[in-house]
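Asks: Spelled out, the chains give:
There are 2 protein chains.
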Amino acid sequence: MERRKVYLAMKSVGEARELFFSKLTHRRTKPQEVDTNEALGRVTAEPVFATLSSPTYHSAAMDGVAVRSELTYGTSERKPKILMVGKDAVLVNTGQPLPEGFDSVIMVEKLHQIDDEHIEIRSPVYPWQNVRKVGEDIIATQLLLPQNHRIRAIDIGALISGGVFSVKVWSLPKVAIIPSGSELVDYRKVRDDKTLEPGKILESNSSVLAAMVRENGGEPVIYELVPDDQSLIRAAIKGALDSGADIVIINAGSSAGSKDYTVHAIEDLGEVVVHGVAMMPGKPTILGLIKGKPVIGNPGYSVSSVLSFDQFVKPLLYILQGAEAAEPHKIRVRPTRDIPSKLGIEEFLRVSIGKVGDRYVATPLARAAGSITTLTRAEGIIRIPELSEGISQSEEVEAELLVDEKDLLNTVVFIGSHDMTIDLIADEIRKEGNAIRISSSNVGSLGGLIALRKRTCHISGSHLLDPDSGQYNLSYIQRYLKGLPVAV
Amino acid sequence: MERRKVYLAMKSVGEARELFFSKLTHRRTKPQEVDTNEALGRVTAEPVFATLSSPTYHSAAMDGVAVRSELTYGTSERKPKILMVGKDAVLVNTGQPLPEGFDSVIMVEKLHQIDDEHIEIRSPVYPWQNVRKVGEDIIATQLLLPQNHRIRAIDIGALISGGVFSVKVWSLPKVAIIPSGSELVDYRKVRDDKTLEPGKILESNSSVLAAMVRENGGEPVIYELVPDDQSLIRAAIKGALDSGADIVIINAGSSAGSKDYTVHAIEDLGEVVVHGVAMMPGKPTILGLIKGKPVIGNPGYSVSSVLSFDQFVKPLLYILQGAEAAEPHKIRVRPTRDIPSKLGIEEFLRVSIGKVGDRYVATPLARAAGSITTLTRAEGIIRIPELSEGISQSEEVEAELLVDEKDLLNTVVFIGSHDMTIDLIADEIRKEGNAIRISSSNVGSLGGLIALRKRTCHISGSHLLDPDSGQYNLSYIQRYLKGLPVAV
Chain G
211 MERRKVYLAM KSVGEARELF FSKLTHRRTK PQEVDTNEAL GRVTAEPVFA TLSSPTYHSA
271 AMDGVAVRSE LTYGTSERKP KILMVGKDAV LVNTGQPLPE GFDSVIMVEK LHQIDDEHIE
331 IRSPVYPWQN VRKVGEDIIA TQLLLPQNHR IRAIDIGALI SGGVFSVKVW SLPKVAIIPS
391 GSELVDYRKV RDDKTLEPGK ILESNSSVLA AMVRENGGEP VIYELVPDDQ SLIRAAIKGA
451 LDSGADIVII NAGSSAGSKD YTVHAIEDLG EVVVHGVAMM PGKPTILGLI KGKPVIGNPG
511 YSVSSVLSFD QFVKPLLYIL QGAEAAEPHK IRVRPTRDIP SKLGIEEFLR VSIGKVGDRY
571 VATPLARAAG SITTLTRAEG IIRIPELSEG ISQSEEVEAE LLVDEKDLLN TVVFIGSHDM
631 TIDLIADEIR KEGNAIRISS SNVGSLGGLI ALRKRTCHIS GSHLLDPDSG QYNLSYIQRY
691 LKGLPVAV
Chain B
211 MERRKVYLAM KSVGEARELF FSKLTHRRTK PQEVDTNEAL GRVTAEPVFA TLSSPTYHSA
271 AMDGVAVRSE LTYGTSERKP KILMVGKDAV LVNTGQPLPE GFDSVIMVEK LHQIDDEHIE
331 IRSPVYPWQN VRKVGEDIIA TQLLLPQNHR IRAIDIGALI SGGVFSVKVW SLPKVAIIPS
391 GSELVDYRKV RDDKTLEPGK ILESNSSVLA AMVRENGGEP VIYELVPDDQ SLIRAAIKGA
451 LDSGADIVII NAGSSAGSKD YTVHAIEDLG EVVVHGVAMM PGKPTILGLI KGKPVIGNPG
511 YSVSSVLSFD QFVKPLLYIL QGAEAAEPHK IRVRPTRDIP SKLGIEEFLR VSIGKVGDRY
571 VATPLARAAG SITTLTRAEG IIRIPELSEG ISQSEEVEAE LLVDEKDLLN TVVFIGSHDM
631 TIDLIADEIR KEGNAIRISS SNVGSLGGLI ALRKRTCHIS GSHLLDPDSG QYNLSYIQRY
691 LKGLPVAV
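Keeping their order, the protein sequence lines are chains G and B.
Position one of the first sequence corresponds to residue 211 (the numbering used here), numbered consecutively onward.
Position one of the second sequence corresponds to residue 211 (the numbering used here), numbered consecutively onward.
Derived from the structure by calculation, the hints contain no laboratory data.
Each hint should be verified, as a subset may be incorrect.
Copies of one chain are not kept apart here, so a pair can be met inside one copy or by any two copies together.
To be verified - For lysine-lysine, the following DSBU-like pairs were computed, each having C-alpha atoms within a straight-line distance of at most 30 Å: (1) K616 to K291; (2) K503 to K692; (3) K616 to K565; (4) K289 to K384; (5) K448 to K410; (6) K540 to K524; (7) K664 to K378; (8) K616 to K540; (9) K540 to K493; (10) K524 to K616; (11) K378 to K524; (12) K297 to K410; (13) K565 to K540; (14) K552 to K493; (15) K448 to K343; (16) K221 to K448; (17) K503 to K384; (18) K552 to K343; (19) K399 to K240; (20) K410 to K320; (21) K503 to K664; (22) K503 to K289; (23) K616 to K233; (24) K692 to K320.
With the rest of the complex left out, here is chain G (with noise of 0.2 Å):
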């Protein structure tokens, strides 16, 4: 009874996110003035305007001579007009400004020199043609760019031709990260031998959620380790908030009570907002504010940490600048086999993923949430709603891509009876440092073959003897696979 409250109490990932979101008080950082040189992916504060007209001057838009357009009208081949050079024409090449009452250019294949003070032209050039005008490209007042806007390289041309050499942009995000846990080891204090005392474990969970403050925009600190003790806990959280911190992490360490004293000293300091949501890994993600700012209970197993965090802070960082995350690429996928989830708790779950004739087919990797290799090693993730009770090797579902999407073309799909020589092959080719993965998912000779047969593999291992035969698996090949094109 106990348990089934809590669970009822969890609020799904889209609840979650709106209740807390709805909570902010501090909804964008500082708007900060920065040199046009270092505003790339930096997000506008205010829409920005041109201070100067681009180009500055009427200039030659050909090589050719100047001239005045009213002076050649009625010239023709029949009637040309002889034009004193220096006085009437005046020589230009391209880019160069055109001299003062000067408003088009003829082209220096269309000018016939009769000696050096002298040329003879034979048609009359209209008012600006071959005349690159003042503010063709930009003209100062015009809108450049407009609020909330990411600045790509492209910008900062068109910012610094319209005379905009400094820019006001929302400041990056700061995020303090603050790692905790007694059994927690710092890696840069580890001895040369890389010996951990017993029951010691590498702490990793900060370094990736600075790396992953920095990929969408925001500026990590990491803290040093907090021991599992309250007033510690509570005394990092006020340092981090005192220091200008925009939004706290504090990952606590995955053992039973870290995650109790995150909660309570966020209860001490604030409002907890939301404690446990409904997707896993994730679940024990707490979400809390303190004076209005954001402070995060980050889940402590490695790839609960990397998955609450994509839910909750990596949207954070967006709105705080104003700016909105790109989708991550999708594509559809064929499970390779029935995937059962737990209703009502939305599940992550990591697939690798290959192509297979023309189909791109998903096979889960192990759902261990303390196993970052399982992040690693995944091509995808497909997320089974909280409603849903699983999803079915008969239907398509879309999978979130974690690589490129050429990437997946690497990816070699084995189904079928378990059989050693895959993983030995599988690990001489990673040892040779080659990117090719083996995917391979272990369901028995006969599925196996009825993968093959479905074209939901590239390869099957089979070990079914014909009692009939005494022969080893030609005989079921010929029953399942008939017609198909099979290398034994």
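Use these hints to put chain B onto chain G, whose structure you have.
Replies: What follows is chain B alone, placed relative to chain G:
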């Protein structure tokens, strides 16, 4: 005849790239050891293997008591067993190490406490039940990352957990950017009132190029502006190479003559491999090699500069780091009108893209290679192949996106008779700093009505007088847009 020869000698983008890249002798930057915490985005210079297992000890995966599993065999509801706390059964919390010799954990829910020293169990456990074993995540010596892998945030977690605290990566390619052209002015040296001497242009390409270098994982150094003087340009190139630059870019001014200085300087010091590429903008690109290192004459017009960089310097930055650039995001678009293009040259057409109904439509922007705003205002680029004379409004073509796909919903597509009001409205919207863009294409009143009928625009301008009724537009709308829901 002369001109024709020049065109025939020009290489296509693909040919130029293949020829140039095949001649590089320095195909990688030097490897460099970086702290794992600083490794985000860097590319591994060798395969990376774990030196530690993770976890490093057997730990409880549940709260409960650690036991020797064999002691529990044969236990059942009918045959419960009593264990001595501290001897047969040791209290453990999740994450805590198992005592030496213990191999499984009984969940706290399954225990029946008899007194402080005795507990009763009613079912057996099997070896390693409820235990997180040594190496469950990572086994020492296993491959963590292959060579030439771009390190993501999650990879940093795997590296630290696997005992890899520093990692060998390819150095960031150093790119020297040398702006040259006597007409150019460094914006950092412009007076506060921002007045330029007549004939002077603000130099912005080097800042754009530096930002693009950064975006693609290189380390830019912008050199002082060099005037149009061949020996000074030669000296700047030599200086850049001597300082250890992996790539040298000379960005010549757009004035006639400047380009020749670059070509001659490269010829003096090394080899010009390609002079002129069949792309527009970007034609005057020069690809050279000096002592095996790439030295590139990047064209002076701002758009040419960006597009040439994209085709030649950008892939080079990835080659030098053993990585591949992500594919640009592409979508299918329908041009709002026929777009002719020059045969024999690949055109990079900047287009404004909007969504009308469920289709993306693309309107070409001005083709001026010197107008950076034709890039910043564009949502995409359509590449019109060398051997095509243009694209037709009746066919869908591919466009490479310059913005997020969701931003395309912010574009209002106007096609029709030119109407000042539209420009004024667009101006007002943008003055407010809104990101909404109006892409307007002037094709006359009837053309506009037809575009509405073909559903290639959202709004249309029309000034058609019906001489029979003396009314504007209405009879035409009835005739051409019969059955369509239209607001007038």
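Asks: Of the numbered hints stated previously, which ones are contradicted by the structure, given in increasing order?
Replies: 1, 2, 4, 7, 15, 21, 22, 24
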